[in-house]
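Enquirer: This is what each chain is made of:
There are 2 protein chains.
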Amino acid sequence: MNNFIYYNPTAILFGRGQADAVGERMAPLGRNILLLSGGASAERSGLLDRVREKLRTAGVAYTELPGVKPNPVIEKVREGAALCKSRRLDAVLSVGGGSVLDSAKVIASAARHEGDPWELLAKKIKPANPLPVGCVLTLAATGSEANGNAVISNPATAQKLAWYHPQAYPRFSILDPELTFTVPREHTAYGAVDIMAHVFEQYFHDVQATPLQDGVAETVLRTVAATAPIAMARPDDYASRANLMWASTLALHGVVGAGVVGDWTCHMLEHELSAKYDIAHGAGLAVVYPAWMELMAPRKPARFRQFAVNAWGIDPRGRDDLAVAREGVAATRSFFRDTLGVGVRLSDYGIAPDRLNEMAQAVYDLKGPTGLGGLTREDLERVYRGAL
Amino acid sequence: MNNFIYYNPTAILFGRGQADAVGERMAPLGRNILLLSGGASAERSGLLDRVREKLRTAGVAYTELPGVKPNPVIEKVREGAALCKSRRLDAVLSVGGGSVLDSAKVIASAARHEGDPWELLAKKIKPANPLPVGCVLTLAATGSEANGNAVISNPATAQKLAWYHPQAYPRFSILDPELTFTVPREHTAYGAVDIMAHVFEQYFHDVQATPLQDGVAETVLRTVAATAPIAMARPDDYASRANLMWASTLALHGVVGAGVVGDWTCHMLEHELSAKYDIAHGAGLAVVYPAWMELMAPRKPARFRQFAVNAWGIDPRGRDDLAVAREGVAATRSFFRDTLGVGVRLSDYGIAPDRLNEMAQAVYDLKGPTGLGGLTREDLERVYRGAL
Numbered sequence: 002m003n004n005f006i007y008y009n010p011t012a013i014l015f016g017r018g019q020a021d022a023v024g025e026r027m028a029p030l031g032r033n034i035l036l037l038s039g040g041a042s043a044e045r046s047g048l049l050d051r052v053r054e055k056l057r058t059a060g061v062a063y064t065e066l067p068g069v070k071p072n073p074v075i076e077k078v079r080e081g082a083a084l085c086k087s088r089r090l091d092a093v094l095s096v097g098g099g100s101v102l103d104s105a106k107v108i109a110s111a112a113r114h115e116g117d118p119w120e121l122l123a124k125k126i127k128p129a130n131p132l133p134v135g136c137v138l139t140l141a142a143t144g145s146e147a148n149g150n151a152v153i154s155n156p157a158t159a160q161k162l163a164w165y166h167p168q169a170y171p172r173f174s175i176l177d178p179e180l181t182f183t184v185p186r187e188h189t190a191y192g193a194v195d196i197m198a199h200v201f202e203q204y205f206h207d208v209q210a211t212p213l214q215d216g217v218a219e220t221v222l223r224t225v226a227a228t229a230p231i232a233m234a235r236p237d238d239y240a241s242r243a244n245l246m247w248a249s250t251l252a253l254h255g256v257v258g259a260g261v262v263g264d265w266t267c268h269m270l271e272h273e274l275s276a277k278y279d280i281a282h283g284a285g286l287a288v289v290y291p292a293w294m295e296l297m298a299p300r301k302p303a304r305f306r307q308f309a310v311n312a313w314g315i316d317p318r319g320r321d322d323l324a325v326a327r328e329g330v331a332a333t334r335s336f337f338r339d340t341l342g343v344g345v346r347l348s349d350y351g352i353a354p355d356r357l358n359e360m361a362q363a364v365y366d367l368k369g370p371t372g373l374g375g376l377t378r379e380d381l382e383r384v385y386r387g388a389l
Numbered sequence: 002m003n004n005f006i007y008y009n010p011t012a013i014l015f016g017r018g019q020a021d022a023v024g025e026r027m028a029p030l031g032r033n034i035l036l037l038s039g040g041a042s043a044e045r046s047g048l049l050d051r052v053r054e055k056l057r058t059a060g061v062a063y064t065e066l067p068g069v070k071p072n073p074v075i076e077k078v079r080e081g082a083a084l085c086k087s088r089r090l091d092a093v094l095s096v097g098g099g100s101v102l103d104s105a106k107v108i109a110s111a112a113r114h115e116g117d118p119w120e121l122l123a124k125k126i127k128p129a130n131p132l133p134v135g136c137v138l139t140l141a142a143t144g145s146e147a148n149g150n151a152v153i154s155n156p157a158t159a160q161k162l163a164w165y166h167p168q169a170y171p172r173f174s175i176l177d178p179e180l181t182f183t184v185p186r187e188h189t190a191y192g193a194v195d196i197m198a199h200v201f202e203q204y205f206h207d208v209q210a211t212p213l214q215d216g217v218a219e220t221v222l223r224t225v226a227a228t229a230p231i232a233m234a235r236p237d238d239y240a241s242r243a244n245l246m247w248a249s250t251l252a253l254h255g256v257v258g259a260g261v262v263g264d265w266t267c268h269m270l271e272h273e274l275s276a277k278y279d280i281a282h283g284a285g286l287a288v289v290y291p292a293w294m295e296l297m298a299p300r301k302p303a304r305f306r307q308f309a310v311n312a313w314g315i316d317p318r319g320r321d322d323l324a325v326a327r328e329g330v331a332a333t334r335s336f337f338r339d340t341l342g343v344g345v346r347l348s349d350y351g352i353a354p355d356r357l358n359e360m361a362q363a364v365y366d367l368k369g370p371t372g373l374g375g376l377t378r379e380d381l382e383r384v385y386r387g388a389l
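First to last, the sequence lines map onto chains B and Y.
In terms of this note's numbering, the first sequence is numbered consecutively and its last residue is 389.
In terms of this note's numbering, the second sequence is numbered consecutively and its last residue is 389.
Simulated from the structure, these hints should not be mistaken for lab results.
Just to be clear, a hint being listed does not mean it is correct.
A pair counts as met if it fits within one copy or between any two copies, since identical chains are not told apart.
Simulated crosslink set (SDA-like; lysine to any residue; CA at most 25 Å straight-line) [claimed, not checked]:
#  : residue 1 : residue 2
1  : Lys55     : Asn3
2  : Lys301    : Ala240
3  : Lys277    : Tyr8
4  : Lys301    : Gly40
5  : Lys55     : Ile6
6  : Lys127    : Ala22
7  : Lys55     : Tyr8
8  : Lys127    : Glu25
9  : Lys55     : Gly387
10 : Lys70     : Lys127
11 : Lys127    : Pro10
12 : Lys127    : Ala12
13 : Lys70     : Asn311
This is chain B alone, in the form it adopts within the complex (with noise of 0.2 Å):
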């Protein structure tokens, strides 16, 4: 295990009912506070109007800004972070799920800078004493509701880059497993495979003597398994639906990737996929992972064996560390092509080959010769060529 520092400031409210909380956690965070929200799905649901009311009787007035898309994009940033300063506003609520809680972390800091906003993620600028944030969750997958991360896109540069301040942390995030009752079926396994991703970056390393950090990781994915196909096919079951958004927490709470090194480099080669393309993040990762791990696992058999057999219950008996691996392997892609119904090749998504060389070169240009195994250029290409 390697050193770390675990500080995970979020308080976190999980359950039935639990937005009704939203009034009273909000107003010692601010009295005058920007309303982010996403598309048409928190209003028709009700939970807008439900928020609203409990903000108003909580004394907390609010300016509403919806219209926060998946890929969130720098230009929604701006307008927040303008009417944060224009308004004065001292705090940021997000209604939604990790697109909608992205912008907010960002606008949140944004307010506090000069600059435009695009520069903290250009110049991982953190400003300090961002405004605080808080959180109501619609959607079981990005983990944004317990860390200081970020991920905005601007399309005029054709970039999404990742962003992380220590100050970004919301300060409370609602869990409510009832409302992602309403999320679709397609969203759903989206989640799931932006869930299981965000485990697998921080569990193929080269750290020895993590079996904590393994078995969390391992016990997270297990539970995706098991859930996500019953809440696609009944979306109202609450245990499922309960257990994918505390998988979805706990995969980035910080508890997986403390005292190992995180990888990071499909979310990298996805970034660059969703940038160009504008698939959802969930489909970009279900085509790059399958292939990145066929690349890997002959580089890495022994740890690809321990993810057959402990994360999809692999016999191992009988063969050698690559069999296994492999069946690993096939085991991850079939769970999302077959499972979870979610085209795992470019070619689902109707994506030609023709931008592949460049698309590795950005991600080798930001990211160099890191990660496991410490892919070359050369290697970046062979995972979008190994997911045509």
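Place chain Y on chain B using the hints.
Expert: Chain Y alone, transformed into the frame defined by chain B:
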């Protein structure tokens, strides 16, 4: 999964050399602090000198109060609280194991309380804005390093009471596994029992659909089972010490207990035992727990079967739940007795059966028929008698 609120604001600095950060971590919390410690070992090992130097360098003045003993007593808490008041100290630093840290937490709150510190325990008083507490941990056992719990004994009333205060979480806890290299073999074993017992208390419940909590709990148990014997045989084996230390924290850090119902019957049975006979906490738990499991396994065979298979790797094929469950109970007792070398019978500690009735009554008076299976007073006595 039940509703829950999860909030753990302790910053954990884990790994080799982290104790060197004690000055810079302490300085923002207080400039004139109480430095609380235990027996002679932290002095002998040079740790206390190292801490003193780092505090001086960071400009932190300290008043020392050494001598906190295992099964820490209220008298020392009174002494510490009086010092904090008379010298207007503004923070408390604990250097030692759980006994020192538990005392530090109660001192920090008692400094804000006008009456006798024992009232905090006896009346569950939680003074507002306790002094901030920092921690340099020297023992993997109690999990006190990342929660708001404390257990203090009062020899005058022969009581040992648990206390919780949401503001009593340490602001930071330094967990350097190298600081545990000098822990004697016997106390390494007691620590392992303690960690497992904390997991047991939160694992044996009736709540349905908790695969994440189960998996994390089972991971901690397997890790302790695998690493404690190595740490006992080779006290300076870093990987084992590190995994024991992180296991200790994870057991009571909140994730294992989120969304389930903790039991804590065995801890109360043990507190009565060590309040009356002053045996080590880990020893008392090794006595009580297998006896409690023997009573409970026939009442909850499916849960105890899962425990046997997932914590101890027992092959369940071809046998009914109860047979497998009982093998898990036997494996637990055997691990404590044969692998760790800890006595598992009251007679191993020279404890006669004459006060079992009285102790069972005392626990029942505090607890009533709560916990898994709603144990009666007779059940509680049966546990003690099963440990004769």
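Enquirer: Please go over all the hints and tell whether each is borne out by the structure.
Expert: So, going through the hints one by one against the coordinates:
1. Lys55 - Asn3: So Lys55 and Asn3 pass the 25 Å test across copies only (23 Å; inside, 44 Å).
2. Lys301 - Ala240: between (36 Å within a copy, 21 Å between copies)
3. Lys277 - Tyr8: Answer is neither: 35 Å inside a copy and 39 Å across each miss the 25 Å cutoff.
4. Lys301 - Gly40: neither (42 Å within a copy, 47 Å between copies)
5. Lys55 - Ile6: between (36 Å within a copy, 19 Å between copies)
6. Lys127 - Ala22: Intra 30 Å, inter 23 Å, cutoff 25 Å: inter-copy only.
7. Lys55 - Tyr8: between (30 Å within a copy, 22 Å between copies)
8. Lys127 - Glu25: between (28 Å within a copy, 21 Å between copies)
9. Lys55 - Gly387: neither (50 Å within a copy, 54 Å between copies)
10. Lys70 - Lys127: within (24 Å within a copy, 45 Å between copies)
11. Lys127 - Pro10: both (17 Å within a copy, 21 Å between copies)
12. Lys127 - Ala12: both (22 Å within a copy, 20 Å between copies)
13. Lys70 - Asn311: Answer is neither: 36 Å inside a copy and 43 Å across each miss the 25 Å cutoff.
Hint violations for this structure: numbers 3, 4, 9 and 13, all remaining hints satisfied.
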